[in-house]
Amino acid sequence: MATTVIPFGPQHPVLPEPVHLTLKVEDEIVKEAIPALGYVHRGLEKLADIRDFHQMINVCERVCGICSMIHGTCYSETVEELMGIEVTDRAKLLRVIWSELHRTHSHLLWLGLFADAFGFEALFMQFWKIRERIMDINESTTGSRVIVSVNVIGGVRTDLSPDQIRWILSEIEIVEKEVKALQETIMNDYTVKSRTVGVGVMTKAQAWELGAAGPTLRGSGVAQDMRQQGYGGYSFLDFEPVVETAGDCWARSTVRFREVLQSIDLVRQAVAKLPEGELAVKVKGNPPEGEAYRRVEQPRGECVYYIRGNGTKHLDRLRIRTPTFANIPPLLAMLPECELADVPVIVLSIDPCISCTER
Amino acid sequence: MLFTPTVIKNLLKKPATRKYPYEVREPFANYRGELVIDIDKCIFCGMCSRKCPSQCITVDKAAGTWQCDPHACVYCGLCRDNCPTKCLSMKDVHRKPVTEKVIWIEHGNPPKPKKKAAAPKAEAKAEVKPDKKADK
Amino acid sequence: MQGKVIDVTLDTVVGEVMNMKNEGQRLVTYSAYQDGDKLGILYHFDKDLETTHLRLTADMDKPIPSVSGVYFAAMLVENEIRDQWNVEFDGLVLDFNRTLFLDPEVTQVPLVSNVKIEPKK
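Chains as they are written, first to last, in the working numbering: chain A, 1 to 359; chain B, 1 to 136; chain C, 1 to 121.
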């Protein structure tokens, strides 16, 4: 038996962002995988020393392009908790509407990339065509397709008029219809199942012990979703976490597909409950001495923000832990004893967002 | 086999993509595009340069210049939202690509400061007050 | 801050973490911050959406016992703290030797005070 060392990444057609794995392979079966990160490290936590706490919202949004609204929301909510500011209900529900639209477009993007990972390029194009409607909603309501920048400390800075709300509801109805038309293909097609069922299996106990987050954890049977805590506008909405028990790539893909439909339902609930009110509360003074800790649910899992203030307008410490950082040890546990051709499918099934991991 | 209905529908419809740049879509009304300043209304208070997250605006009150680096700007719109005289606005199309970096400086007239000299005090007050009223 | 905080020292930290593992808690992450001239580390744990924290205050030049034998997930976070604050961890399962995020030739330590602005008294 001969051992070969094969480098995977940093440039690979299936990876959206650069990460490097050194694979030790014996005759097509992978025996060991060692990661190497650091290709897109920007040092954003250090910028808290130079930019004041209002300008840091824009920096935090740019940690990740796909889930940028949710990073901004978590940062604003943590600083609001530290300073003791109460946000109006209208602002909370508006933040929820944009966050759920971000979750929908992130999962549709991932479903397209996943189909591309095993060569089904036509399905990839179909999912991305559906996603364009959501990008149009983002652009016409906030002013920008990807980095929407609507959060300020104390609320939001853009409003939704009743005409815009009617248009959003009609667009997401079309999105829901088109997504359901593709459900049979992504979940039951013979070619899709033969590449994903039984590949990259992780049991429930392993997932909990290795610290997995998000759909990686819920695909193995653990029913935990950070939105159940009821932070922000989620205290007005009710939903159940989406769980599958198989623990392989097919289960993770099904969890994300069903979460798309769940997010569309949450947007409808939030729009129905939207009250009148002010958009933002005035903020005076600087963050006091103290610390605050908050967790939110991003499309990829659980994201943790820890902030310390020291009485000046610059924060003492800003610490971000993103979900892909927590999902890399489970990846290293899934890779041994799989075939070499399955490596791209497994790496993509944890939804790697390396620019979040390295900030 | 489960994908066949979608394939047949797509073969019979027209393409989903637009032939850019021959066909351009209508811009949306709230889009955050190129930044434009009306320099005659500017009072050189420096608020935009304090709020900017990428620190790309420099305001010099003594010399009367307002400078912005259009390549460092992230087009977030915070300067436009916080300007007290509302002289900043954003167009609904993005800045066109250029082949070399441009520098954008605008020259204007800063408002005159109150004169604190003792002798022409009454005269200066009468001169400054109507000026300031016209400014605001 | 939400969740209860337990204080530990360098000798008791591995014992406390093993208690957490036996209770079935999941390691979320560590946060490191500057506490005067010492380093403060908070270990965050979670079970059924309830948070528990362990607070450790340590000197920056003495090695800290590593818990990556207990929780494999700790390996990546301890390497990151090593990169950013230049503290040694004793017994790390997989050690990247300060090259996880930074390039091998970088000698300046990122998060140890150099650009901080003093609070106006």
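There may be inaccurate statements among the hints.
Stated by the list, open to error - Subject to a maximum C-alpha distance of 20 Å in a straight line, what follows is the list of computed SDA-like cross-link-like pairs (lysine to any residue): (1) B:91 <-> A:291; (2) A:129 <-> A:178; (3) B:14 <-> A:144; (4) B:86 <-> B:14; (5) C:38 <-> C:21; (6) B:13 <-> A:235; (7) C:38 <-> A:291; (8) A:46 <-> C:42; (9) B:9 <-> A:144.
These are computed hints drawn from the structure, not numbers from a lab.
Status of each hint after checking the structure:
{"no.": "1", "hint": "B:91 <-> A:291", "verdict": "41 Å, violated"}
{"no.": "2", "hint": "A:129 <-> A:178", "verdict": "10 Å, holds"}
{"no.": "3", "hint": "B:14 <-> A:144", "verdict": "28 Å, violated"}
{"no.": "4", "hint": "B:86 <-> B:14", "verdict": "45 Å, violated"}
{"no.": "5", "hint": "C:38 <-> C:21", "verdict": "27 Å, violated"}
{"no.": "6", "hint": "B:13 <-> A:235", "verdict": "44 Å, violated"}
{"no.": "7", "hint": "C:38 <-> A:291", "verdict": "17 Å, holds"}
{"no.": "8", "hint": "A:46 <-> C:42", "verdict": "19 Å, holds"}
{"no.": "9", "hint": "B:9 <-> A:144", "verdict": "32 Å, violated"}
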